[in-house]
Every structure is written in structure tokens, then in C-alpha cells.
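Chemist: Below are the chains, spelled out letter by letter.
There are 2 protein chains.
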Amino acid sequence: MAFVLLATAVSSAQDAAGQAEAPTFRLVIHGGAGGIRPETLSEERQAEYEAKLTEALRAGYEILAGGGTSLDAIVAAITIMEESPLFNAGRGAVLTNTGVAELDASIMDGATRNAGAVASVKRVKSPILLAQRVMDESPHVMLIGEGAEAFAEEQGLEMVENEYFRTSQRLEQFERYRQRLEEGSSSEQGKLRRSLEVSPIPGTAPDDAVTSNADPDIVAGEKHGTVGAVALDQHGNLAAGTSTGGIAFKRWGRVGDSPIIGAGTWADNETCAISSTGEGEYFIRGAVAHDISAMMRYAGLSLREAAAAVIHGTLTNMGGTGGVIGIDREGNYAMAFNTAGMFRGTIDADGRVDVKMFGQ
Amino acid sequence: MAFVLLATAVSSAQDAAGQAEAPTFRLVIHGGAGGIRPETLSEERQAEYEAKLTEALRAGYEILAGGGTSLDAIVAAITIMEESPLFNAGRGAVLTNTGVAELDASIMDGATRNAGAVASVKRVKSPILLAQRVMDESPHVMLIGEGAEAFAEEQGLEMVENEYFRTSQRLEQFERYRQRLEEGSSSEQGKLRRSLEVSPIPGTAPDDAVTSNADPDIVAGEKHGTVGAVALDQHGNLAAGTSTGGIAFKRWGRVGDSPIIGAGTWADNETCAISSTGEGEYFIRGAVAHDISAMMRYAGLSLREAAAAVIHGTLTNMGGTGGVIGIDREGNYAMAFNTAGMFRGTIDADGRVDVKMFGQ
Numbered sequence: 001m002a003f004v005l006l007a008t009a010v011s012s013a014q015d016a017a018g019q020a021e022a023p024t025f026r027l028v029i030h031g032g033a034g035g036i037r038p039e040t041l042s043e044e045r046q047a048e049y050e051a052k053l054t055e056a057l058r059a060g061y062e063i064l065a066g067g068g069t070s071l072d073a074i075v076a077a078i079t080i081m082e083e084s085p086l087f088n089a090g091r092g093a094v095l096t097n098t099g100v101a102e103l104d105a106s107i108m109d110g111a112t113r114n115a116g117a118v119a120s121v122k123r124v125k126s127p128i129l130l131a132q133r134v135m136d137e138s139p140h141v142m143l144i145g146e147g148a149e150a151f152a153e154e155q156g157l158e159m160v161e162n163e164y165f166r167t168s169q170r171l172e173q174f175e176r177y178r179q180r181l182e183e184g185s186s187s188e189q190g191k192l193r194r195s196l197e198v199s200p201i202p203g204t205a206p207d208d209a210v211t212s213n214a215d216p217d218i219v220a221g222e223k224h225g226t227v228g229a230v231a232l233d234q235h236g237n238l239a240a241g242t243s244t245g246g247i248a249f250k251r252w253g254r255v256g257d258s259p260i261i262g263a264g265t266w267a268d269n270e271t272c273a274i275s276s277t278g279e280g281e282y283f284i285r286g287a288v289a290h291d292i293s294a295m296m297r298y299a300g301l302s303l304r305e306a307a308a309a310v311i312h313g314t315l316t317n318m319g320g321t322g323g324v325i326g327i328d329r330e331g332n333y334a335m336a337f338n339t340a341g342m343f344r345g346t347i348d349a350d351g352r353v354d355v356k357m358f359g360q
Numbered sequence: 001m002a003f004v005l006l007a008t009a010v011s012s013a014q015d016a017a018g019q020a021e022a023p024t025f026r027l028v029i030h031g032g033a034g035g036i037r038p039e040t041l042s043e044e045r046q047a048e049y050e051a052k053l054t055e056a057l058r059a060g061y062e063i064l065a066g067g068g069t070s071l072d073a074i075v076a077a078i079t080i081m082e083e084s085p086l087f088n089a090g091r092g093a094v095l096t097n098t099g100v101a102e103l104d105a106s107i108m109d110g111a112t113r114n115a116g117a118v119a120s121v122k123r124v125k126s127p128i129l130l131a132q133r134v135m136d137e138s139p140h141v142m143l144i145g146e147g148a149e150a151f152a153e154e155q156g157l158e159m160v161e162n163e164y165f166r167t168s169q170r171l172e173q174f175e176r177y178r179q180r181l182e183e184g185s186s187s188e189q190g191k192l193r194r195s196l197e198v199s200p201i202p203g204t205a206p207d208d209a210v211t212s213n214a215d216p217d218i219v220a221g222e223k224h225g226t227v228g229a230v231a232l233d234q235h236g237n238l239a240a241g242t243s244t245g246g247i248a249f250k251r252w253g254r255v256g257d258s259p260i261i262g263a264g265t266w267a268d269n270e271t272c273a274i275s276s277t278g279e280g281e282y283f284i285r286g287a288v289a290h291d292i293s294a295m296m297r298y299a300g301l302s303l304r305e306a307a308a309a310v311i312h313g314t315l316t317n318m319g320g321t322g323g324v325i326g327i328d329r330e331g332n333y334a335m336a337f338n339t340a341g342m343f344r345g346t347i348d349a350d351g352r353v354d355v356k357m358f359g360q
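If you read the sequences in order, they're chains A and B. Numbering of the first sequence is given in this note's numbering, commencing with residue 1 and proceeding in unit increments. Numbering of the second sequence is given in this note's numbering, commencing with residue 1 and proceeding in unit increments.
Read the hints as simulated data drawn from the structure, not as lab findings. Even glycine gets a Cβ: it sits at the ideal position worked out from N, Cα and C. A few of these clues could be false.
Across the chosen pairs, the derived CB separations fall in these ranges [stated by the list, open to error]:
hint, chain 1, residue 1, chain 2, residue 2, range
1, A, Glu153, B, His312, 33 to 43 Å
2, A, Gly99, B, Gly156, 20 to 30 Å
3, B, Glu182, A, Gln155, 15 to 25 Å
From just these sequences and the hints, can you work out the full model?
Modeler: If you want it as C-alpha cells, here you go:
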């Protein structure tokens, strides 16, 4: 109660100073971009995604509405998606070519440009929580592998066996891929490998095998189920975070853009907060998240203009697919993608939820 | 010979079209920025650095002068520095808190914006060669840890025991740190830990203990001995690469900016090629290498203006120290740093070598 009164007083003072509007806030989330179409996603499954995205938005909203930070709001939203097997992050992450979940995440604070990132962790229940601890409790930005897990244990974060992440759906998917690789000729193996690494969008993907043959409910989330969130809080601070299991059947310790500050995640109060999802290699090569910020800062573009220019210009021209969500300091937001769909949603200061998954 | 004639013909055609100058090329390298001062570096050691930097420049020059690519030239220069114990990369890398060398590297092709990066590899003789293979021979950009080493073995790259990297100087340095940590009070441990992570520059570093107590010859290279190279070749293509052992006594699988595309390395024919060295955490949080490129592209700054703005503006304002080398498509180059010195050098199309190490 005391807080509410104080907030009102501050708001009045701002009004007196000529700022007509009360402090605003907003949360925007994504659950991955890819071949998400009405015909490949049952209505029942659509309802599940809508319910989970809404739950994540409301969790972050409670924090923002109570005067909490954008960092805490995005972590609250992302952990809910990490815990849901609907997305390729945390529980339900895709499996490597040896059947293991290897998780990546990153977070950035727009007020300080402090950041935290982790890659290839296998036993930390919430990779985004670990990224936040790296930012807050270590002198470093990026920790990887077993070293990152040792830090997580020192921090008292919840540790789990890798089995926790491996859902029966992902194990079936893994087994199907493994069998097809074993059965196929070497040229088919190359095709399958390639199909696992590209988006199943007609006209851009050289091979549609996975899209046409596999369980469509799984396909929708399997290669682009990365989750992320960006927020503006009542203090005017931006934050961004991203969490992922990477690509199915990955090997050689492959890391995508999700733990790369400037590619998968970026936040700067002077411009915007961005979280990416898609073919990580292209997002790294385009420094996509930072490029949107740079276009705003140096070329004077709006967030929506910059996000569209990078996704429909740079990324598309490179042959990459995926999308971003973004928010600026005025609470304007953007959701740009060049895939068939993107699981996405936003909640505003009045608690109005808007969740979508198919084309723009 | 045939190639030389062809190159001459092309050059003449360009002259006829009004382009007065023959194709130019240039290589720029660095061997780390930090507390490099005449009073902390013996003349004998200075001569060793000058000789090795010159050797690296000449190796890259031979490739560029023969019509080779900027990518091959930077790899040739970097591998020579990796093999030298003078620098904190490859052989002579600093050791982690368990006495192991963990190496990071990245490379980027300005013509295609293709890139390769490796982090935390312990058995690959040349991390920059592995980064180049990741770029050329895998569908990925970043591979880490044992997975990256498995890829290196598949590629037939030279593997070594970790002992290869551990020079007697680094083992002595490691032992000295370990003893000081064991003997010191917890507050001294904190100070030492901090001193290991910041640059020993008066006025910016909160603790000068390492600078004043340790072997000055070692100090000069120990925290900022990352190596890197950028080049423009006769075909007009830019490339950049970086290789490092990271920071001494690092733990938790810490990774700095050197393997992060956009922070430690960036190359884009439309703007510039950049290699960074310094306190990696700040370079990641500033997306330093990509930010220089973005300032050129979107704000119309020259390479030197952009490099100075980022190093003496953004980086310094964040409290970070280090430097960058850069080159643009006209062969203009930049060497910017906010530390006392930076090991650096350049060689132009006429084979003129310019090597420096102290203040600008």
C-alpha cells in the first residue's frame, strides 16, 4: 500500500513537470519462430501454447505492475517457458546427436549494459537464472560447460539430472532421427543433416523432408522453439533474455546465437531490448540484436523500422530465417520474423494480453 | 607468373576506367594491450617482441603480395604469434585456476560475413586454424570444448597435449598466484582476484599489486596478450581473426570476447575488419567490434573516428580497458587503445614494416 501511494506521488510530480503520462511498462515474449501454421498445429495444441504464453506474460506482469524490475519480469516469464515441454528450452529441449540436452541462455540489463551468458550446461534446471547469476554474482559475462555448472552449484541454484530435460517426445524425435541417419545412404544423411539445420519454410529451405514426414506438432517447435522476453519497467529500464536447447541432433559442442550478447540478446536503455530466435548461425554473422540497436542509435530508425530492416533485409538476404522481439524506452514494441509464424505475445500496463502464433 | 600478368592486366583495366591506383593491400596485427611501458619491458624483451611481430607481418605479407586472401594472411600471422611464448595465445597462454590452458579464437570473412569460433579448447595446437575450419567445413559458427576438439580431430588438425601450451614462465606465474591466494587473507584474495581481472593502468585500475610485485616482463603480456590480425587483400576483401588464452587464473569456464563474433572479431567488406584485445567482459557488453562497423555504416564515421569513439568513448566510459586494430576497404587502418601500450604492427603493399608497443 505504501508503495502504491509513493508511486502515485511520483507520478503526480512528473505530471507537474509536464510529463502527461503515468509511467508505462510492457512485457513481450516469444517461444520460437519457424514453420508454425494452422495446418500443422492442432487446435488443442494451439490452445496449450496460448495458455502457456499467457501464463508467462501474467507472471512477468505481476512483477512489473508491482514496481519490480524488467530483469525480474523477463526471468519470471522465461522460467515458465523453460519449465514447459512445449518449447525448446529447459525441460523439453531438443537433444544432441548423443541424446543429451545442452542448454544455452543469456540476459542483459539495459540500464547498465551488464550481461550474463551460459552455454552448454546440462544440469542446471533454469539456464536463464544461471545467466542472471553470472551477471550479478561473477566478474564475468560468459561461463560455459562444467565450469558454469560448478558456478551454479556455488550459487546454490537448483541442479537436476539431464533426464529432467528429456521429455518422451524429444526422446522419440531423437530416436527417429537416429534411425533415419542409420538407415539412409550417405547422401540422405547429408540431406537430413541439412534439413535439421534449416527452416522448413517453402521457398527458402532446400529440403522439406522433416516438415512433411515428422509429427507436425513436434516440427512446429523443434528447430525454432527458443524462448525469450524483453520488458520495460516502471523505472524506465529495459531488459532482454533468451534461453534455448539449440538445434536438434547438434554435435561438436555447437553453440548458436542465444548465449551470444549482441546476436541473441541485447539491451540498452538508450535504444531497445531485443531477443532473437531462429537459425543461430545467421544471427551471429549478422550481430542481429546489436544491429537493430545500432540502426536506432546511429541511423535514427524507430524500433519497428530497424527490426524490419534487419529481419527482412540483412537476415533474409543472407539466407537466414527467424525472428526477433523488441521493446524501446517508450514501450513501443516490435515482433518481426521471416518464417511462417512465431509464438509470441505481449501484455501492457493495463494487463491486456495479446498472444499470436501465425503469420503477421 | 601467369597470375602476375593477369593481375597487371586487371590493374591496367582499372586504370583505364579512371581508377588511378593499383590494387593495394595491408596487414595489421596486435599482440595484446595493457601496462606495456619502457620501464617494465627490458630492451632485450622489446627486441624479441619487435622481431616476432615483424616475422608475423612478413609471413602475412608474402601471402598478400602473392595474390592470396586476407583470410590466409591473418591466419599465417596469428599462427606465428600462437606458436610464440611471448603472447597469451597458443603456446605460452595463461593458465586457469587449475593450471590448464583453455584457448579461444574466432575468424570472420568480410566478403561473405561467414565466421568461425571456438572456445575452451585444450588440445588443438592452433585455435585460429580450428576457427577457420569451423567456418569453412562445418555448417556452424561456434563450437566449444570437447565437441570442438572432436571436430578438430575429424578435420585432421594437429592435436597436442595441454603441456605443449604450458611454458615454464606460465607455470611459475600460476604457482606464484596460487601461493599468494593460499597465503593471503580473504580480503587479499579478493584484491588479488580483482587485480587479475583488471588492467594495471594507474588511474583506472583499483589495485596495482600485480604490476608492482610480479616480474615486469611477464606482467606486460599476462592479462592482455591476446593476438589478432586484420587484412585487406588485392581482391578487395577484408578479414579479421583473434586468438587468446583468456585471463590468468580464470575459472568456471570463463570465456571472454575473443571467440565472440561482434565483440572480439568482426569483418564486413562494406565497413571494416576489427580484432579486439583487453578486458573481454567490457568488449562483449559493448559489442565493440560490431559497434565500430555500425558507426561507419550508419553514422558515416571513418574507421579511425569510429575506433576512437568506441575505445575512448564507450569502452572508457564503461570502465573497460583494451584496444582494437582495424582496416577498411581502402586500406586505411586504425590502432586505438586506452591502455599504456599495445603490441602492434602493420605492413603495407611496399613491404614497409611499422612495429610499435608503447603509447600512441
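Chemist: If a hint holds in the structure, say so; if it does not, say that too.
Modeler: Against the structure, the hints:
1. A/Glu153 / B/His312: 33 to 43 Å: Taking Cβ atoms as reference, A/Glu153 and B/His312 lie about 40 Å apart, which means the hint holds.
2. A/Gly99 / B/Gly156: 20 to 30 Å: This hint holds: roughly 27 Å between Cβ atoms.
3. B/Glu182 / A/Gln155: 15 to 25 Å: holds, 24 Å
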